[in-house]
Amino acid sequence: MLFATPRQVMRARASALRKMRQRIETRVKRQAAKELRMPQKAISGRFFSDPVRTGDSVLKVWIGTDPVSPFRLGAVGVYGEPGRPFSGVMVGKRKYVGAFLASIYTGRQKVWIRLRSKFFSPELYPTKRRPGDRGLSDDPRLKHRFPVIRAAVPVDAVFEKVVERDLDAISQDFQKVFAQDLNYFTNVRGKQ
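Residue 48 is where the sequence shown starts when you use our numbering, and the numbers rise one by one after that.
Check before you lean on any hint, since a few could be wrong.
In silico DMTMM-like cross-links for lysine to aspartate or glutamate, where the CA-CA straight-line distance does not exceed 20 Å [unchecked claim]:
1) K140 with E128
2) K66 with D213
3) K76 with D113
4) K66 with E170
5) K165 with E128
6) K81 with E211
7) K88 with E207
8) K76 with D97
9) K76 with E211
10) K223 with D213
11) K142 with E128
12) K66 with D215
13) K107 with E170
14) K223 with E72
15) K223 with E82
16) K140 with E170
17) K88 with D215
18) K142 with E82
19) K208 with E72
20) K208 with D97
21) K76 with E207
22) K66 with D97
23) K107 with D213
24) K81 with D213
25) K223 with D103
26) K81 with D113
27) K107 with D215
28) K88 with E72
29) K208 with E128
30) K208 with D220
31) K66 with D103
It should be emphasised that the hints constitute simulated quantities derived from the structure, not laboratory data.
Everything numeric in this text was worked out from a predicted model, so none of it was measured.
Work out the full structure, taking the sequences as your base and the hints as a guide.
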């Protein structure tokens, strides 16, 4: 039987919350990367939380859900010949048919596709942050050249699905870690 003081309970809770932050990141990142067929490194750096202090009873974790750039998925290469059918850009194991590499709107090369291309697909080229009408021109020579859309891999729905699916497991994991920390703070640290 554990007889813990309120201070020991608060310290055990804060310690368990700190440990759970890393466990949540690891679990969600591993499962989301598996579902998205991409390396975990591509979606790392998207997990943020407030520091947990003694007396805190809540852990807030934010997950960045902006689409992932194809350049984070692996080596980028062009296949086929420009202007020929079924040519495009290959990134890792993903093919972007009809796409091309260019530094448009920015100083860095990115994977782009023309909005009027027959290979354009909203699933491969999400434009949540940027409207698709950038670069429209009245010049008839540029009619089919602009607008262009940047390629990206949407991750928001997958992150949401993984978090919802694992809420019960995360809760059970917290209870287990809290019991271990409470035991430590009452029986090991409390006797010193």
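Quick rundown of the hints versus the structure:
A distance of roughly 19 Å separates the Cα atoms of K140 and E128; the hinted pair therefore holds under the 20 Å criterion. Among the hinted pairs, K66 with D213 is consistent with the structure: their alpha-carbon atoms are about 17 Å apart, no more than 20 Å. Between K76 and D113 the CA atoms are separated by roughly 14 Å; this keeps the pair inside 20 Å, and the hint holds. Simply put, K66 and E170 have alpha-carbon atoms about 36 Å apart, too far for the 20 Å limit, and the pair is violated.
Proximity of K165 to E128 is assessed by CA-CA distance (about 17 Å); at most 20 Å being required, the pair is judged to hold. Distance hint between K81 and E211 is fulfilled; the C-alpha atoms sit about 16 Å from each other, no more than 20 Å. Of the pairs offered as hints, the one joining K88 and E207 holds, with about 19 Å between alpha carbons and a cut-off of 20 Å not exceeded. As the CA atoms of K76 and D97 are separated by approximately 19 Å, the hinted pair is consistent with the 20 Å bound.
Restraint check for K76 and E211: the C-alpha separation of about 14 Å stays at or below 20 Å, so the hint holds. With a C-alpha separation of about 15 Å, the suggested pair K223 and D213 falls inside the 20 Å cut-off, and the hint holds. Simply put, K142 and E128 have alpha-carbon atoms about 14 Å apart, close enough for the 20 Å limit, and the pair holds. At roughly 17 Å between alpha-carbon atoms, K66 and D215 fall within 20 Å of each other, so this suggested pair holds.
A C-alpha spacing of about 30 Å is found between K107 and E170, which places the hinted pair above 20 Å, so the restraint is violated. A distance of roughly 17 Å separates the Cα atoms of K223 and E72; the hinted pair therefore holds under the 20 Å criterion. For the proposed pair K223 and E82, the alpha carbon gap of about 27 Å is over 20 Å, so the pair is violated. Note on K140 and E170: the hinted pairing holds, with a Cα-Cα distance of about 17 Å set against a maximum of 20 Å.
Note on K88 and D215: the hinted pairing is violated, with a Cα-Cα distance of about 26 Å set against a maximum of 20 Å. Of the pairs offered as hints, the one joining K142 and E82 holds, with about 17 Å between alpha carbons and a cut-off of 20 Å not exceeded. Of the pairs offered as hints, the one joining K208 and E72 holds, with about 15 Å between alpha carbons and a cut-off of 20 Å not exceeded. A distance of roughly 23 Å separates the Cα atoms of K208 and D97; the hinted pair therefore is violated under the 20 Å criterion.
Only pairs whose Cα atoms come within 20 Å are accepted, and K76 paired with E207 is accepted, the gap being roughly 12 Å. As the CA atoms of K66 and D97 are separated by approximately 13 Å, the hinted pair is consistent with the 20 Å bound. A C-alpha spacing of about 16 Å is found between K107 and D213, which places the hinted pair at or below 20 Å, so the restraint holds. About 15 Å separates the Cα atoms of K81 and D213, which keeps this hinted pair within 20 Å; it holds.
Restraint check for K223 and D103: satisfied, since their Cα atoms lie roughly 18 Å apart, inside the 20 Å limit. Of the pairs offered as hints, the one joining K81 and D113 holds, with about 18 Å between alpha carbons and a cut-off of 20 Å not exceeded. In summary, the hint linking K107 to D215 is supported, as the alpha carbons are separated by about 17 Å, within the 20 Å threshold. Taking the CA atoms of K88 and E72, the gap is about 12 Å. The hint holds against a cut of 20 Å.
The straight-line distance between the Cα atoms of K208 and E128 is roughly 39 Å, outside the 20 Å bound, and the hint therefore fails. This hinted pair checks out: K208 and D220 have alpha carbons roughly 19 Å apart, not beyond 20 Å. Under the criterion of a C-alpha separation no larger than 20 Å, the hint pairing K66 with D103 is consistent with the structure, at around 14 Å.
Of the hints listed earlier, those the structure fails to meet are numbers 4, 13, 15, 17, 20 and 29, in rising order.
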